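All chains, please: the whole structure from these sequences, using the hints.
From first to last, the protein sequence lines are chains A and B. Under the working numbering, the first residue of the first sequence is numbered 1, with each subsequent residue one higher. Under the working numbering, the first residue of the second sequence is numbered 1, with each subsequent residue one higher.
Heads up, none of these hints are tricks.
From the derived model, a few chain A residues whose C-beta atoms are all more than 10 Å from chain B:
#1 S10
#2 G194
#3 N206
#4 R216
#5 V225
#6 A257
Cβ-Cβ distance ranges computed for the label pairs, FRET-style:
#7 A:F114 <-> B:L152: 27 to 35 Å
#8 B:F365 <-> A:N22: 55 to 63 Å
#9 A:G16 <-> B:P264: 31 to 39 Å
#10 B:A153 <-> A:G16: 35 to 43 Å
#11 B:C165 <-> A:R118: 43 to 51 Å
#12 B:S369 <-> A:R141: 16 to 24 Å
#13 A:A176 <-> B:T138: 30 to 38 Å
#14 B:M128 <-> A:P68: 45 to 53 Å
#15 B:T318 <-> A:G134: 27 to 35 Å
#16 B:T318 <-> A:A176: 18 to 26 Å
These are calculated hints, taken from the structure and not from any lab test. All values reported here derive from a predicted model rather than from experimental measurement. Even for Gly, the Cβ is constructed at its ideal location relative to N, Cα and C.
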Amino acid sequence: MVEPLIRVRSLVKQFGPFTALNGIDLDIYRGEVHALLGDNGAGKSTLIRLLSGLYRPDGGQIFVEGKPMRFRSPRDASKAGIGTVYQELALNPLMSVTRNFFMGRELFWGTKPFGLLRMQEMDQITHEEMIKIGIDISDPRQAVGTMSGGQRQTLAIARAIYFGAKVLILDEPTSALGLKQQMEVLKTIVRVRGRGDIAIIFITHNELHSKLVADRYTFLALGEVIGGGLSEELAGEQVRHLMAGGVEMKDLVKELAAARNETFRHAS
Amino acid sequence: MAPIGSTISTPRVEADRLARTGGLANLKRRPEIGTFLVMIAVVLAIAFASHGTAFNALGVKNNLSIIAQFGIIATGASLLMVAGEFDLSIGSMIGFAGMSMAMMLKWGLPFGLGPAGPASAFLITLIMTLALGWLIGTIVVHSRLSSFIVTLAFLFFLRGITEVCFRGINQSTQISGLPDFKQESWFAAVFGGESFQWLYSLWFRLGGNVNRSGLQWVTGLDARVVWWIAIAAVAYLVLSRTQAGNWIYATGDNRESARANGVPVNKVRIGLFMFTAFCATIFAACQVFDTNTADAGKGNLKELEAIAIAVVGGTLMTGGFGSVVGVAFGAITFGLVANAVFFIPAIDGSYYRVFVGIMLLIAVFLNESVRKRITGGI
Numbered sequence: 001m002v003e004p005l006i007r008v009r010s011l012v013k014q015f016g017p018f019t020a021l022n023g024i025d026l027d028i029y030r031g032e033v034h035a036l037l038g039d040n041g042a043g044k045s046t047l048i049r050l051l052s053g054l055y056r057p058d059g060g061q062i063f064v065e066g067k068p069m070r071f072r073s074p075r076d077a078s079k080a081g082i083g084t085v086y087q088e089l090a091l092n093p094l095m096s097v098t099r100n101f102f103m104g105r106e107l108f109w110g111t112k113p114f115g116l117l118r119m120q121e122m123d124q125i126t127h128e129e130m131i132k133i134g135i136d137i138s139d140p141r142q143a144v145g146t147m148s149g150g151q152r153q154t155l156a157i158a159r160a161i162y163f164g165a166k167v168l169i170l171d172e173p174t175s176a177l178g179l180k181q182q183m184e185v186l187k188t189i190v191r192v193r194g195r196g197d198i199a200i201i202f203i204t205h206n207e208l209h210s211k212l213v214a215d216r217y218t219f220l221a222l223g224e225v226i227g228g229g230l231s232e233e234l235a236g237e238q239v240r241h242l243m244a245g246g247v248e249m250k251d252l253v254k255e256l257a258a259a260r261n262e263t264f265r266h267a268s
Numbered sequence: 001m002a003p004i005g006s007t008i009s010t011p012r013v014e015a016d017r018l019a020r021t022g023g024l025a026n027l028k029r030r031p032e033i034g035t036f037l038v039m040i041a042v043v044l045a046i047a048f049a050s051h052g053t054a055f056n057a058l059g060v061k062n063n064l065s066i067i068a069q070f071g072i073i074a075t076g077a078s079l080l081m082v083a084g085e086f087d088l089s090i091g092s093m094i095g096f097a098g099m100s101m102a103m104m105l106k107w108g109l110p111f112g113l114g115p116a117g118p119a120s121a122f123l124i125t126l127i128m129t130l131a132l133g134w135l136i137g138t139i140v141v142h143s144r145l146s147s148f149i150v151t152l153a154f155l156f157f158l159r160g161i162t163e164v165c166f167r168g169i170n171q172s173t174q175i176s177g178l179p180d181f182k183q184e185s186w187f188a189a190v191f192g193g194e195s196f197q198w199l200y201s202l203w204f205r206l207g208g209n210v211n212r213s214g215l216q217w218v219t220g221l222d223a224r225v226v227w228w229i230a231i232a233a234v235a236y237l238v239l240s241r242t243q244a245g246n247w248i249y250a251t252g253d254n255r256e257s258a259r260a261n262g263v264p265v266n267k268v269r270i271g272l273f274m275f276t277a278f279c280a281t282i283f284a285a286c287q288v289f290d291t292n293t294a295d296a297g298k299g300n301l302k303e304l305e306a307i308a309i310a311v312v313g314g315t316l317m318t319g320g321f322g323s324v325v326g327v328a329f330g331a332i333t334f335g336l337v338a339n340a341v342f343f344i345p346a347i348d349g350s351y352y353r354v355f356v357g358i359m360l361l362i363a364v365f366l367n368e369s370v371r372k373r374i375t376g377g378i
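The structure is reproduced here in structure tokens:
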């Protein structure tokens, strides 16, 4: 049995009387895409905020490479190798690709904070890293504002990997993108997976996208894990059923029909 | 024309959509090009209308005197605006700093610590103004209020304090007839003395710069020209070539994403409020040691001129983008127009404000189009 890169055991998070997560277990492996699925309010966001150090757990334990971790800040989590790419991406549109890539972690000669930027070296590294991940930006000095949504997502992923992420948490990377750009992001995910040394936690609402790239699934509902497994073990119907939080499609159809009748009665 | 459905020999990639441009087109993309063209037009127009007197030995000195004043404070305002904040207290800070120095020079150090020299008066004032800049920055950062309203409060507060101190200690809101410190003290001469004497000597030796009796006419430029060049050069270097510069851009562009990437956005902003206070203090020191006077009304409305010059120089009102070189061009343009009345007696001096208003509007529209071009229309 391979040692998981991240092991989460009976993780609990409460907000006052509200239990957001009620004892979550999760194993994340290197070289795998782990799809984290669940309806709104299932606890996905709380879980990734715990993993990325934004929240502290009220119970349970997170292990990274077997070592128990206590994250006090996002900085701690990123030092431990957990890189989170949020929906809003943390990019600055007016600044160049290079300046965004090295934002807050610039290479310089001299002393902080007035060290001279090693611009050429940074341009070169940015260009190379972007080619590695599959995008040939003609000019790393172009503003990020000129890039497409998919390219920006890819830039944020490349940046996280370059600065030492062993686990990439992608928070709905394909939402708010056009179809072609969604495919671009999925291609990026597949390429990163191909390196074999990085684990990807892929949060999505899109069943098709998860089927295209995921190796393993975990389904959350009402703060608990309600199912999961390797992709080859799960049938399509089962995925949809678990994604909806365990509601049967037949029930939904019935409820819809009932609702239709109600409106009809009001109108007449 | 290939029929629809056939394979295209070279597939188009996303990168192709950004047009590759040559040298001239790149020049057109520079944010300061518009200001540069306006500056050239103003220089030519004033040279022509004044029959060259605006650019004779005395004209250059007088023009650069006001240009340097504008340049010093506009550079500070511009860097702060790139980081996404405003400082409306610059003008009142100039008045406060001038009052503080002149009062110490006339009435001695506070708490009866004996007479003050130019160095002690300047340094104590600088410590106070930097502390005020720190205070303004800290309030803005921790209250999360708009810097517009916080610095507006300090605009009134500092002007009021300046007047109260003047009347309370000096019985009058102005001080004049201080000793001419720049004659004896090198420290005072650094602010109030002359610079570039070698250039004016050279000009005389080459046959220009002669007065009616055939001797050298003008001896040099004001010392503040050196301060302007130094402040602008350092600001340019910091903004475009250093790590701090990257932080300033990042803070103004999108503060939250800068923070998420570990940029110390609060320190950047507090530091820049201290920098505008520093610029205001240098402005005041040059004025006090040059004229040996101070007045409670000094620096009035200078904060708005500084912001106008920063905007005309290509600094975005919304932060994240700006050019120190463009601000220098803007300072030259505004200084020349403000001074034009002395060389062209036929015009009304108030046309200066008409010009500022028109330029400001044009610049805001131009800057917006530059911003749209570099962000792809967001």
